[in-house]
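Novice: Just so you know, the sequences run in chain order F and W.
Counting with the working numbering, you get residues 13 to 289 for the letters of the first sequence.
Counting with the working numbering, you get residues 349 to 561 for the letters of the second sequence.
Just so you know, the hints here were simulated from the structure itself, not pulled from any lab data.
One thing to keep in mind: the hints can contain errors.
Okay, the calculated beta carbon distance ranges per label pair [unchecked claim]:
| no. | chain 1 | residue 1 | chain 2 | residue 2 | range |
| --- | --- | --- | --- | --- | --- |
| 1 | W | ILE440 | F | ILE36 | 22 to 30 Å |
| 2 | W | GLN393 | F | LYS53 | 47 to 55 Å |
| 3 | W | PRO454 | F | GLN56 | 55 to 63 Å |
| 4 | F | GLN56 | W | ILE530 | 43 to 51 Å |
| 5 | W | ILE543 | F | ALA270 | 51 to 59 Å |
A short list of chain F residues far from chain W (calculated; beta carbon distances all over 10 Å) [stated by the list, open to error]:
| no. | residue |
| --- | --- |
| 6 | THR80 |
| 7 | LYS115 |
| 8 | PRO261 |
As the structure is a computational prediction, the values presented were derived from the model and not from experiment.
Backbone N, C-alpha and C fix where the C-beta goes; we use that ideal spot for every residue, glycine too.
If you want the building blocks of each chain, they are given just below.
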Amino acid sequence: MRSLMPDESLRILVLLTVTFFVGITGFITYFVVLYRNKQLKNKQEQEQLQSAFQQELLKTQIEIQEQTLTHISSEIHDNITQVLSFVKLNLGMISNVTEINKKKINESRELVSQSINDLRNLSKSLSFEHISLLGLVKTIEMEVERLNNSGLINASLSIEGEIYSLGEQCELVLFRIFQEALNNTLKYSKAKDLKISLQYHFELFNLTLEDNGIGFLVNSYLKQDGLGLRNIKNRAALIGAVAAIESSPGEGCCIKVALNPLKVRLYTDGSHPDRFS
Amino acid sequence: MAIYYSILLLIILVIGLIRYKGLNKPFKILTWSVLVVLLCSILSQIFIYRYKNNALVLHIESITGYLFYSLIYYYLFKNKKIKIAIIISMIIVLVFFVINALFLQPFYKIFPTNIYLPTQILFAVFSLLLFNEMLMYPVKINIIKQSVFWYNTAMLFYATIMFFFLGLTNYLGEHHIYDLFILYFWFFIISVFHILLGIALITDKKKYEESYA
Numbered sequence: 013m014r015s016l017m018p019d020e021s022l023r024i025l026v027l028l029t030v031t032f033f034v035g036i037t038g039f040i041t042y043f044v045v046l047y048r049n050k051q052l053k054n055k056q057e058q059e060q061l062q063s064a065f066q067q068e069l070l071k072t073q074i075e076i077q078e079q080t081l082t083h084i085s086s087e088i089h090d091n092i093t094q095v096l097s098f099v100k101l102n103l104g105m106i107s108n109v110t111e112i113n114k115k116k117i118n119e120s121r122e123l124v125s126q127s128i129n130d131l132r133n134l135s136k137s138l139s140f141e142h143i144s145l146l147g148l149v150k151t152i153e154m155e156v157e158r159l160n161n162s163g164l165i166n167a168s169l170s171i172e173g174e175i176y177s178l179g180e181q182c183e184l185v186l187f188r189i190f191q192e193a194l195n196n197t198l199k200y201s202k203a204k205d206l207k208i209s210l211q212y213h214f215e216l217f218n219l220t221l222e223d224n225g226i227g228f229l230v231n232s233y234l235k236q237d238g239l240g241l242r243n244i245k246n247r248a249a250l251i252g253a254v255a256a257i258e259s260s261p262g263e264g265c266c267i268k269v270a271l272n273p274l275k276v277r278l279y280t281d282g283s284h285p286d287r288f289s
Numbered sequence: 349m350a351i352y353y354s355i356l357l358l359i360i361l362v363i364g365l366i367r368y369k370g371l372n373k374p375f376k377i378l379t380w381s382v383l384v385v386l387l388c389s390i391l392s393q394i395f396i397y398r399y400k401n402n403a404l405v406l407h408i409e410s411i412t413g414y415l416f417y418s419l420i421y422y423y424l425f426k427n428k429k430i431k432i433a434i435i436i437s438m439i440i441v442l443v444f445f446v447i448n449a450l451f452l453q454p455f456y457k458i459f460p461t462n463i464y465l466p467t468q469i470l471f472a473v474f475s476l477l478l479f480n481e482m483l484m485y486p487v488k489i490n491i492i493k494q495s496v497f498w499y500n501t502a503m504l505f506y507a508t509i510m511f512f513f514l515g516l517t518n519y520l521g522e523h524h525i526y527d528l529f530i531l532y533f534w535f536f537i538i539s540v541f542h543i544l545l546g547i548a549l550i551t552d553k554k555k556y557e558e559s560y561a
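Chain F on its own, in the form it takes in the complex:
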């Protein structure tokens, strides 16, 4: 028995040692995996919270902007145009003037009339109610007309497919994206032509604005202070759309907003966590 002792003990010793090392290595590996899963889960939760916060912030910004625009729109409509109409009437009532002065007065009346019309159009384009009443297509058509009349740029509009409603809120957001893009084109692009296209397909809606301006480097612009472009992307995200901006120096700029009409309903009817309401 004594002679067998060392072998027996050795076996037990090796077995115990191996078991211990396997056990402790297993425990540490299990902990590392568990910790990484926890890290991943927390990271996802934090990203979701941040995303929800960004959405809320954006919604608030848009609400404030809409309120401001509505206020400006009503001020233009109820106050400034009324005053201008009164000026026009007063000019018409002036009598006992020479032919030269009469001609000048008539010219002034025409200018005032034109201003009133321009202001009314501007008021309409700013007003949520107007967009809601006329719909996206009509409102864009009016904007195109206004642009062409201004002579700032040669704008053309093409519509493909059968027009359907995307919902008031969604159309308002799309129109604000359109306005933002238009504003950028007029301010910076030095373009002569602007092509606007609306494509209505069964599961896809596309809004495209393409100009032949000086263009820019998209990435560097977004990194610097591309607030306008970022606004376009953020607004699009708010209704579940995707905004793609393509441009390079000398090649003009193309902004495409693609949207699945079925997905829009999720965002606007309150069933989506990032809903717009």
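Place chain W on chain F using the hints.
Specialist: For chain W alone, kept in the frame of chain F given last:
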């Protein structure tokens, strides 16, 4: 063997001292604990050479080890109740150490197993509690780059294997077999333990570790 061990401790001490300014408080304490262990290791060899007994040094090493490592845990934990428990345990162990060194296992001749065994259990408990706390408040840094993880792994490894090792040594010692094996095995344990502590000293950064919570 003792020379290799001392060299290893010296290397880890140098790492700790080089990175000392950039270390967090617990790991500054860890650097000092490595210094104490190194001094104890040298003293132990001197005592063996002169008096054929190093029990006194082992007594000192057992209590200083517990006080240092517990203090590190005190700074690593966020839970206030655990912090208080650590302080209480330090006082109790210190009192028990005095009683044990004077009456139960005299400091001049017997190895202080009465101190080693309960403190290893306490270290294992602290280690598991800290792992649990790490899971509760994960930070944004890769776990492999976290000094706390390496320190805690070292402590769990050391505490559990020491408990296991002392039992085995007791059994094998009675039969006077594998003495050399025990010696190598012991050297392996303390080497792994101190290498893990060395990694903890290398990975530690005085930067704020942002938590997800």
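Novice: Taking each numbered hint in turn, which are not upheld by the structure, reported in ascending numerical order?
Specialist: Violated hints: none at all, because every hint is consistent with the structure.
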